[in-house]
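**Student:** Letter by letter, the chains look like this.
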Amino acid sequence: MAVAIKSSPSKMMESASKAPKASSKQFFLTVLLFLKLLIFVCLIGAATTSRLFSVIRYESIIHEFDPWFNYRATRYLVANGFHKFLNWFDDRTWYPLGRVTGGTLYPGLMTSSGFIWYIMNYILKIQVDIRNVCVLFAPAFSGITAIFTYLFTKNCYNDDALAGFLSAAFIAIAPGYISRSVAGSYDNEAIAITLLMSTFYLWIKAMRTGSIAWACSAAISYFYMVSAWGGYVFITNLVPLHVFILLLMGRYSSKLYSAYSVWYTIGTLASMQIPFVGFLPIRSNDHMASLGVFGLLQFFMFGDYIKSKISSANFKIFLKTSVISLIAIGVFGLFTLTYFGLIAPWTGRFYSLWDTDYAKVHIPIIASVSEHQPTAWPSFFFDTQILIWLFPCGVFLLFLELQDEHVFIIAYSVLCSYFAGVMVRLMLTLTPIICVCAAIALSNVFKYNLKIWKSVKTVIKNKTGSKNNNAFTEICSLIGKLVTVLTFLGYLILFVQHCTWVTSNAYSSPSVVILSGNYNEDGSPIYIDDFREAYSWLRYNTADDAKVASWWDYGYQIGGMADRTTLVDNNTWNNTHIAIVGKAMASEESISYEIFKDHDVDYVLIVFGGLLGYSGDDINKFLWMVRISEGIWPDEINEPSFFTSDGQYRVDSAASETMKNSLMYKMSYHDFPGLLGNPTQTTDRVRGATIDASHVPDLKYFEEVFTSENWLVRIYKLKDEDSQGRDLGDVYNLEHKSGKKSVMKKPKLEPRVD
Amino acid sequence: MSVMQEQLNKCIDFYKISIEHNPLLKILDIFSAALVAIAALQCVFMIIIRDTFPFNAFLAGFIICVSQFVLNVSLRLGLVKYGYDNKERGERKLFVEYVICSLVLHFISLHFIN
Chain A
0 MAVAIKSSPS
10 KMMESASKAP
20 KASSKQFFLT
30 VLLFLKLLIF
40 VCLIGAATTS
50 RLFSVIRYES
60 IIHEFDPWFN
70 YRATRYLVAN
80 GFHKFLNWFD
90 DRTWYPLGRV
100 TGGTLYPGLM
110 TSSGFIWYIM
120 NYILKIQVDI
130 RNVCVLFAPA
140 FSGITAIFTY
150 LFTKNCYNDD
160 ALAGFLSAAF
170 IAIAPGYISR
180 SVAGSYDNEA
190 IAITLLMSTF
200 YLWIKAMRTG
210 SIAWACSAAI
220 SYFYMVSAWG
230 GYVFITNLVP
240 LHVFILLLMG
250 RYSSKLYSAY
260 SVWYTIGTLA
270 SMQIPFVGFL
280 PIRSNDHMAS
290 LGVFGLLQFF
300 MFGDYIKSKI
310 SSANFKIFLK
320 TSVISLIAIG
330 VFGLFTLTYF
340 GLIAPWTGRF
350 YSLWDTDYAK
360 VHIPIIASVS
370 EHQPTAWPSF
380 FFDTQILIWL
390 FPCGVFLLFL
400 ELQDEHVFII
410 AYSVLCSYFA
420 GVMVRLMLTL
430 TPIICVCAAI
440 ALSNVFKYNL
450 KIWKSVKTVI
460 KNKTGSKNNN
470 AFTEICSLIG
480 KLVTVLTFLG
490 YLILFVQHCT
500 WVTSNAYSSP
510 SVVILSGNYN
520 EDGSPIYIDD
530 FREAYSWLRY
540 NTADDAKVAS
550 WWDYGYQIGG
560 MADRTTLVDN
570 NTWNNTHIAI
580 VGKAMASEES
590 ISYEIFKDHD
600 VDYVLIVFGG
610 LLGYSGDDIN
620 KFLWMVRISE
630 GIWPDEINEP
640 SFFTSDGQYR
650 VDSAASETMK
660 NSLMYKMSYH
670 DFPGLLGNPT
680 QTTDRVRGAT
690 IDASHVPDLK
700 YFEEVFTSEN
710 WLVRIYKLKD
720 EDSQGRDLGD
730 VYNLEHKSGK
740 KSVMKKPKLE
750 PRVD
Chain B
0 MSVMQEQLNK
10 CIDFYKISIE
20 HNPLLKILDI
30 FSAALVAIAA
40 LQCVFMIIIR
50 DTFPFNAFLA
60 GFIICVSQFV
70 LNVSLRLGLV
80 KYGYDNKERG
90 ERKLFVEYVI
100 CSLVLHFISL
110 HFIN
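Residue numbers (numbering that gives the first Met the number 0), protein chains in the order written: chain A, 0 to 753; chain B, 0 to 113.
If we strip away everything but chain B, and leave its shape as in the complex, we get (with noise of 0.2 Å):
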């Protein structure tokens, strides 16, 4: 089991240093985490207050963050993937990419929750 746990702070380790090299990372994990802290403060208000009236609402919430939370995680695999030596994938097209996707999200989500 300590060879586990070794194994997992080297893991944590080498994480720290690869967002300290990239900024660009290190806002994007900031941005995920806050959204996954966001959708868990919707499901526990939604839990306290024992009620889902405005489902919809709720829903458009809830899914808005796990949706961007993908494009995040999509986004960071790309520039971690392609980023650097693909020239035929550059940054700027995954960037293009990932602005009309969320955009596309937001439209969406601002419909469905009324």
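Isolated chain A, as found in the complex (with noise of 0.2 Å):
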């Protein structure tokens, strides 16, 4: 260090003394360098805390549903190590199938997370619990999401840097782009959409520079985000996208050719590592078009090399013959490869991308999730603000140069403008689009309007001289500038705002555990905490190997907080297992409790919400447990049954007899009425009816065994079989004739009702 300083005085005065202004230039580096980095540790920073609002309100938990799965994996990773977790046989769901659970996740998230926890542990010696890891491992990724989202635009723009420093600074607090990485919300897309930027960052390099290197890290980069996310198909086929519409343009070079197949060919190749890929990117059809399009470059290349050694009208026949025979060889021997079952037809999640209703008419258990709906226009402003209008002007600033590259931002943004319209989870792919396009808009309107320097000398020179009509143009145009760099600065303003407070607001609640609304005298909030009051009922007051039944949506929790086996879960790759589940719960007790009794179910646990007014329960679901029943059973499940004959979903007095007597409805409703004061009438906060007891059948198969404080999750034990081999309806039957009104077992608890 010493030496560095005495060293350097004397180096300066040499090079000051030799070229004062090299000098000068390099001291006007280091310190452009030096703001540089600052930004980007801001940057990082501003990512990371605006979320942490969730752990710093609630507590370090890990989110929603998914997330507990990939916990769950994370956690058998590191207790088993890599090799036992790809071969994972998991026989606590899907009872009694089981789950082939390596072969069927995608590993990046929980091997990166488990790598980060390794390094911590034993090589840094930091003793971190891989819960944490888990939970700040979305904020922390988002960081890294900045930077590669910098280096995509920057490369993408005209070596752009505002451009670049803005979109960056967009992605970092964009409420779209946060909705799905908060800390705790540990889910695959949490990594993805680093990874995403980073694909894409590295493609344009390897477009740009032709270099095989840079298209051989574009595959290593795909690679990583095969292994994350189920999403890699949307770069499997934007790419190739990319490349045709350039070929259609008439750019072909030999630098498209280069990256392109050496990105394709490693990338698929590499891909295909990943157990739950397999050979699909050479089987399904959602892979061809990259296939069709590095078929297509072998010929260009051939084609361009042809062309530099012969004419060019003999260059057109031969063109235009081998142009139309290739396509038709591609089109016949598409089909029929897809009509001898070597390519695998189109997934139906691919369909419902094109045709909104495909999955409401054939695949309700994709219509069922909330996030396959429709994206309602409010939305993309909620997520976006400012930038949602910003962004066409930056698509339409691209469409002015309209270099290669920005062909990739323009296709890019094309099509996921459409996709995130018909699915709200594929809002999240758009974002980062809309942020570059955004800070591309944005760096003009600050590049031209603050360029007035120049403007402000004229107005400062003619202030002593001689009034002129040139300088007051000047110095209008200088307010006008000024005003307009104002407003915006005003809006960015309010962008910034508006994304704390959505963050904030809406995309910080764990939904485990849920804010009252209410305070404690002390000024505390009042939590709600019913669902790991009941998975810890579970987990401590049941046996080990107990079947609990609930709706799939509740089954990651209870595999990763309560520990017990569960018949569906979220992964919902059996549609008839699910299916058997929602006819239990739509059909009468006594086939109820066969199906299940089939199954060894020991438990079963609903959500109730009546008390509490907690509007995402099973009875509002319970609509799709009967549609996703009824398209297995038709016969025995019938969902006009379940109305009323005017047509309505009603759970009062007016509802069908089929509904009354549908186990969900006696389970969410048994002892319910009289709950409040009122003996016989309650009121359902959620539905707004009144339920009376003399509505509510007897339980006579189920037992209820817990109910939460707020009454919100429900546990019943299905009754042992009867001795001497009655029917349980009988025998419950009998003993209530008998005369012996047996006392309701009823939980003594204080309901808490605001």
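None of these hints come from the bench; they were simulated from the model. It is possible that part of the hints are untrue.
[To be verified] Calculated lysine-lysine pairs in the DSS-like style (CA-CA distance at most 25 Å, straight line):
(1) B:25 with B:92
(2) A:446 with A:24
(3) A:319 with B:9
(4) B:25 with A:308
(5) A:308 with B:9
(6) A:699 with A:716
(7) B:15 with B:25
(8) A:254 with B:92
(9) A:620 with A:736
(10) B:25 with A:306
(11) A:254 with A:319
(12) B:15 with A:308
(13) B:25 with A:254
(14) A:306 with B:15
(15) A:456 with A:480
(16) B:92 with A:315
(17) B:9 with A:306
(18) A:736 with A:659
Keep in mind the model is a prediction, meaning the values are calculated, not measured.
Dock the two chains into a complex; use the hints.
**Tutor:** See below:
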């Protein structure tokens, strides 16, 4: 250090005396670099801290549903090692089928966090709990996303660093991305967006330089993406689309050839290493576009070579005949291969992308997921605020120049705008490109309007001199520019406020723990912690091998928090199995009992929000259970019979007989009337219906074993079969006829009602 | 049609001259041709025995041929286009990239072939 200090003044003196301009330039560059680094640090800080609301408000907890599975898988990985993890057969889900979990998940997320955990614990010797690694995984990666977005934008838009920084700042705090990457939201998307941006950046880099090394790194990044998220198909189709458009525009170059061919071959080979993907890249139709473009490029390469050697007139004939024959062969080949079953036809999720009604008609299980619904218009504004207005401007500016890499952004934005309109969850892939385009538009605004020094100079000069028309126009334009800049700065400040507000209010709730909105006397908020209460009850009060039936939404949570065997979970790989549970919930008690007994079920868990006003409960999801099971057993389950005669879905006295006799209804409202003072009636606060005691049939085959503090989770146990072989319904009737009005075992709980 | 024939002949002559002048290109082209032959051979073999049983092995063998071919072509294109006059992308850099990519490719392939 001392040497450096000693030597540096003399060096500086030397260079200053020799070339003062060069040294000042170097100094300027150093400052620039320092400032850039500072901006990056700030960006990462902003990206990370704005995602910590959930940890501060609640605690370091895994959120929602899917993250619980990822967390459970990560714990398994950490405890058993990578090889066991890949060969993991999970017999505690999808009872009695089990699930080949190691072969049916994208291992990228778990291995990444497992790796980080290993490095911290064994190499850096920092003792960290795996849970904390998982919780803070998404915020950490969002910082990296910001850096890659900067690189992507800068490379895509004429090396414009301003646009790069703006886009990085936007992506760091845009709610559309935060919605999937708050602390605790330990889901595949958390890492996937980072990899999406890195793959795109490397692809653009490869395409611009034509270097096979960049193409190879793009392929490796693509491999990482494939290992992390099913959405990799988006890249598999977007990059070929980009190349295809360029080819149509007549912009073939050897750079394009090298970049795409190397990326495609290595990327495809690498992507087949993931067990879950397997041979899909050469079998499924989703991947055929990239193969076709690869073939087309080979042809272009050959044609380009011929073209450079022979005259253009001859080349045209050559081109025409070969193009037509090539397309004919390609289309014919695709159809025959699909016909003979060598290529898998398109999947249901793919169809539902084009025909929004497809899922509703054919696959209720896909339609029943709320994030597969079409996006509502306000949510575009909610998720990106001002950026959504700037987005078309940015695309327009790109159209004006239309270089090769601009075509990529345009293709991306057009495709994704469509997809985001079809499915809510694809808003996530649209957000990065909105940020990029908005940054491009804004950087142009700022660049043009901040070139004011020249006009400032003329104004100052003319102040001393005579009055001049020129000066007046200069002043006017100066004011105009300043007003524009200040307006946009104002918008940006509003944007930041909006982002903070949305993040803290809408996207930071773990949904496992809920804020009641009320406060204790000391000002601390009151939490509704019924889910964990119920799951821990299961964990500590039931046998280790007990089977718990619930609707599939809660499968992952039961597996993760209660550690009990479930029948169905959020993986939804077996529609029939889900329909079985749906049928049991929708049928009469005796039928349900038989179904559950066939599947060795010990406990049934339902979620009931009627007391609390929690609208995402099982009664509101009930119609999906009916629909899904109706798809398999149309004779036994009939959706209209659950409605009133005039077609309404009601739960009060007007409810249909089938509805009242269904297991779900009985379990939800068991003992509910008479809870709040009035001995025979209680109001269901979700549906605003009055439930009367006379309308809720008694439970004969099930008994209540647990109801959580706010009645959010209710757990029932299947009664043991009668020792004398009688039907349990008859037994119940007999006991109650004989006058022994058995006293209901009601849990002595003070319901918390505000 | 005879014009076309003539042009194509011209093309082939030109090609012959170009590889005479640069033995490196000659080696590369022979290598590429061999790769195409090996890939074709694997396909024929697969068709003859009418079985693709170790499908991953077949795929790995086939794709590595295609990939290596693509790498060769890229290197060749680079050599012809930039190799001599462009100092920024010198030959050496091209070769280093080529070697690195080939190594990555072979690593993945070997992993896949089991």
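**Student:** Hints first: check each against the structure and report whether it holds.
**Tutor:** Hint check results:
1. B:25 with B:92: Holds, at roughly 20 Å.
2. A:446 with A:24: holds, 22 Å
3. A:319 with B:9: holds, 21 Å
4. B:25 with A:308: Judged against 25 Å, a Cα distance of about 18 Å means the pair holds.
5. A:308 with B:9: holds, 8 Å
6. A:699 with A:716: Judged against 25 Å, a Cα distance of about 11 Å means the pair holds.
7. B:15 with B:25: holds, 9 Å
8. A:254 with B:92: Measuring from Cα to Cα gives roughly 15 Å; hence the hint holds.
9. A:620 with A:736: violated, 35 Å
10. B:25 with A:306: holds, 21 Å
11. A:254 with A:319: Within the cut-off at roughly 24 Å; holds.
12. B:15 with A:308: Given pair residue 15 of chain B, residue 308 of chain A holds - Cα atoms ~13 Å apart, limit 25 Å.
13. B:25 with A:254: holds, 22 Å
14. A:306 with B:15: holds, 17 Å
15. A:456 with A:480: This hinted pair holds, its Cα atoms lying about 15 Å apart.
16. B:92 with A:315: violated, 36 Å
17. B:9 with A:306: Satisfied, since the Cα-Cα distance of roughly 12 Å is no more than 25 Å.
18. A:736 with A:659: holds, 22 Å
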